[in-house]
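Residue numbers (our numbering), protein chains in the order written: chain L, 1361 to 1706; chain E, 1361 to 1706.
Treat the hints loosely; a few may be bogus.
Identical copies go unnamed one by one, so any copy, or any two together, can satisfy a pair.
[Unchecked claim] Using 27 angstroms as the maximum straight-line C-alpha spacing, the simulated DSSO-like pairs for lysine-lysine come out as follows: (1) 1660 with 1485; (2) 1682 with 1627; (3) 1675 with 1627; (4) 1501 with 1675; (5) 1467 with 1627; (6) 1682 with 1501; (7) 1627 with 1501; (8) 1501 with 1660; (9) 1467 with 1660; (10) 1660 with 1498.
Worth flagging that the hints you see were computed from the coordinates, not collected in a lab.
Number of protein chains: 2
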Amino acid sequence: MCVRLRWVQKSNFMGPCLSETELISRFFNFNIPGQWPTQGIGDDCAIIQVGNRRLAVTTDTVASGTHFLPNVDPYTVGKKSLAVNLSDLAAAGADPRCFFLALSLPKSDSSWLEAFSRGLYECAKEFACPLIGGDTTKTAKIGHSQAPFSITITAIGEVERGLTRQGAQIGDDIWVSGTVGDAYLALMLRTGQWAGACDSYLAAAMDTPVPRVALGQFLSHFATACADISDGFLKDLGNILVRSNVGAEVYVDRLAVSPQLAQRTQKERRQAQLAGGDDYELVWTAPESARQRIIDYAQKSQENGQPLLLTRVGKVVSSGLKLLNNDGGEIQNTFYGFDHFAQEDV
Amino acid sequence: MCVRLRWVQKSNFMGPCLSETELISRFFNFNIPGQWPTQGIGDDCAIIQVGNRRLAVTTDTVASGTHFLPNVDPYTVGKKSLAVNLSDLAAAGADPRCFFLALSLPKSDSSWLEAFSRGLYECAKEFACPLIGGDTTKTAKIGHSQAPFSITITAIGEVERGLTRQGAQIGDDIWVSGTVGDAYLALMLRTGQWAGACDSYLAAAMDTPVPRVALGQFLSHFATACADISDGFLKDLGNILVRSNVGAEVYVDRLAVSPQLAQRTQKERRQAQLAGGDDYELVWTAPESARQRIIDYAQKSQENGQPLLLTRVGKVVSSGLKLLNNDGGEIQNTFYGFDHFAQEDV
C-alpha cells in the first residue's frame, strides 16, 4: 500500500519530465500502512474497502485565475466545481453518495454566494449527491487585495468493483466518450488567443461539463482501465498506459470533433484534442468482446434523447505511444497534457 | 437528513449574530436526500453509515495569513494542517483511517515542500493515518504576486457509535481537556499585541497541537456530546448547547491554565481561555456517573508519563449560559468565539 497522489509516475514517452509528478513522488510518497485495503492510488479516485462496501474518494481544488477566468459567473463556478469531482467518481465507475465543500472566499458576498450555491445545488440534485460537511475561510490578503476564491471539494461514491487506470491489456480497444477539445477551444476564443467568437455550445462545454456518471457505472462491468480526460487526452491516456505498463496506437483523427472545432486548422484541432484538457469525458480500454455492448449503449442513449458519442480511437499494444493519421502514417507527438507546475523548477 | 455545514445555527445567547453561520444556513442548507444515513451534520465531523461501518469525515482548510503567520516554518504547517483535522475526528470519537490533501502553492519550492512533507508525515505516522489521494494547484496571481499557500485536508475515521454535539442532558457535567488559552496567548505575544516573549512551551501549543484522538475514543463510550475547542471554548461549548437544546453554568476560573497564562491579567486570561481558539482540546458533557472513569483516565495518563489534565468546569442546565467566578458570582459574557467573516456584512 504505497501512497501516491493522483498523478502518475514520470512517463517515458510523454516528453519532458512533469514536475508536478515529481513533486508528488518526491514529497508525498509516504509509506504508512493503513487499516483499510486501498487501491487506485495515483488515479482519479482512491478506492478503499470499508467493511462490506467499497468507496471511491476524490478531492479537487478549483480556483479563480487557474481554473476559471476572472470574470466567471459564480453559478458556473458552483456547478462546475462539483461536476469535475463527480467526473473523477465517474472514471472510477462510482455512484456518487455525498460531498464536502471547503470554500475560501475574499469576502462573504451574498449575490456571489447565491449564484454559486444555485449552481452547486443543481449539480448535487441531479446526481442525488448531498452536501454533508465543509469549511469556510477567508482568502489571504496580498497588499491591499484579497486573494480570489478557491474551492476544494471532496466527493465520495460507492463502487461495486471500481475502475482504475491500471488493467489495460494488450489487444484492448481504446474508447473515448463525447467530442474532445471543445473546452480548450472555448478558452482560446474567450482569451483572444485564437480568433473567433465563443458560441453558446462552446461556452457550455467549458462552463457546465456533464460528468459521465452513468457511463462510468456501465463501463465498470467490463472496462479494463478508465480515466477522465480533464488533464488532456494524451496525458490521461498516458497515465493509463504507464500504470498498466502497456503502450498504444491512437488514430487521432477518429477523436470525435464538434462542428466548431472541425472548422479550425488541423494544428489547432490537434492541440485542442490531444493536449487541451478541461474536457470531462472518459477514456477507457475494453476487450474487443465488449464492442457490441458499447455500441448498443451509444445507440440507446440516442433513443433516450440524450445522445452520447462513444468512439473507438485505438488499440493497446505492448509499449510506446504511436499517434497515427487516418492513412496509418505516424504523427510526431509534440503535444503534452496540462501540468500546473510544468514551467517551473521543482 | 437536512444538510448543514460544521457551524451551528445562530445562537440566542452567544451575542451578535454570527455571519459565517448565516452564510451556511442561507446558502448551503440544501435538502437533498442521500442514500447513506447521516448524522452529526453541523458538527466537527459528518457521521455516515456505510454498509456495516460508520465513518466520521471532516474537511478543514488552513491558509497562510489566516491560520498561520506569514513567516511560519513549513514543518509546522505540515504537522498542524493534519493535526487540526485529526482533532475533528477526535471530537467524534473516531479512529483515523486515511486522509486526502489538496495543496495550493504559489510555486513548487523544494525546501518548503521537504519541510512541509516531513511535518505532515510525522503526524500521519503517529496516528497510522495514510495519505491516499490529493490534488496540487498553483495559487492565484494578484498583480505581480502569487497568493500564499492554502491547504485543505479531508480526513476519514471510523467510529463505533460516534460523538456529536447533540445529546447533552440537563444535569450532565461539562469537562475540558488540557490547559486552555495557550495558543491564543502565543499568537498575541508573537504578533506584539500583548507584551512579553513567546517561550517554547507556548510556541508548541500554537504550532504543534496534539489531537486528542485516544481521549475521544475513550469518551465515545459514555459522553453525551463532544466538540473540540478550535473556535474558542465559549463558541464550541455554545455549539453543543444549541444543538442539544440545553444551557450551562460554567465556572470559568476552573479552566486549566498554564503557568504562562496564569501570569497575565485576569482580562487577558479570560479573553484567551473563553474566546481565544486554536486550542485542540476537547469539551464534552457526561453524566455524573462517569466522573470516576474520567478521573481514572487522567490518573492513568499520568502513570503512563503522558499526563493529560481533564477538568470538570460546569454543569448542563435547562437554558441560558451563565459564566460564574469561583465565588459563584456571575460574570458578564462579553466574549465570543472566532468567526472568519464576523466583521463583515453577509
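Taking the hints in turn, this is what the structure says about them:
For a Cα distance limit of 27 angstroms, the shortest separation of residue 1660 from residue 1485 inside one copy, 24 angstroms, qualifies, whereas the shortest one across copies, 50 angstroms, does not. Within a single copy, residue 1682 and residue 1627 get their C-alpha atoms as close as 18 angstroms, which meets the 27 angstroms cut-off; across copies the closest is 73 angstroms, which misses it. Taking CA atoms no more than 27 angstroms apart as the test, residue 1675 paired with residue 1627 passes inside one copy only; the shortest distance there is 23 angstroms, against 73 angstroms between copies. In this homomeric assembly, residue 1501 and residue 1675 never come within 27 angstroms of each other (Cα to Cα): the closest approach is 50 angstroms inside a single copy and 41 angstroms across copies.
In this homomeric assembly, residue 1467 and residue 1627 never come within 27 angstroms of each other (Cα to Cα): the closest approach is 42 angstroms inside a single copy and 31 angstroms across copies. Taking the shortest alpha-carbon separations for residue 1682 and residue 1501, neither the intra-copy value of 48 angstroms nor the inter-copy value of 37 angstroms comes in at or below 27 angstroms. In the homo-oligomer, the alpha carbons of residue 1627 and residue 1501 never lie at most 27 angstroms apart, since the shortest distance is 41 angstroms inside one protomer and 30 angstroms across protomers. In this assembly of identical chains, the alpha carbons of residue 1501 and residue 1660 never lie at most 27 angstroms apart, being 52 angstroms within a copy and 46 angstroms across copies at closest.
In this assembly of identical chains, residue 1467 and residue 1660 lie within 27 angstroms of each other by CA distance neither inside one copy nor across copies; the values are 47 angstroms within and 47 angstroms between. In this assembly of identical chains, the alpha carbons of residue 1660 and residue 1498 never lie at most 27 angstroms apart, being 47 angstroms within a copy and 41 angstroms across copies at closest.
In summary, the structure is inconsistent with hints 4, 5, 6, 7, 8, 9 and 10 from the numbered list given earlier, while agreeing with the others.
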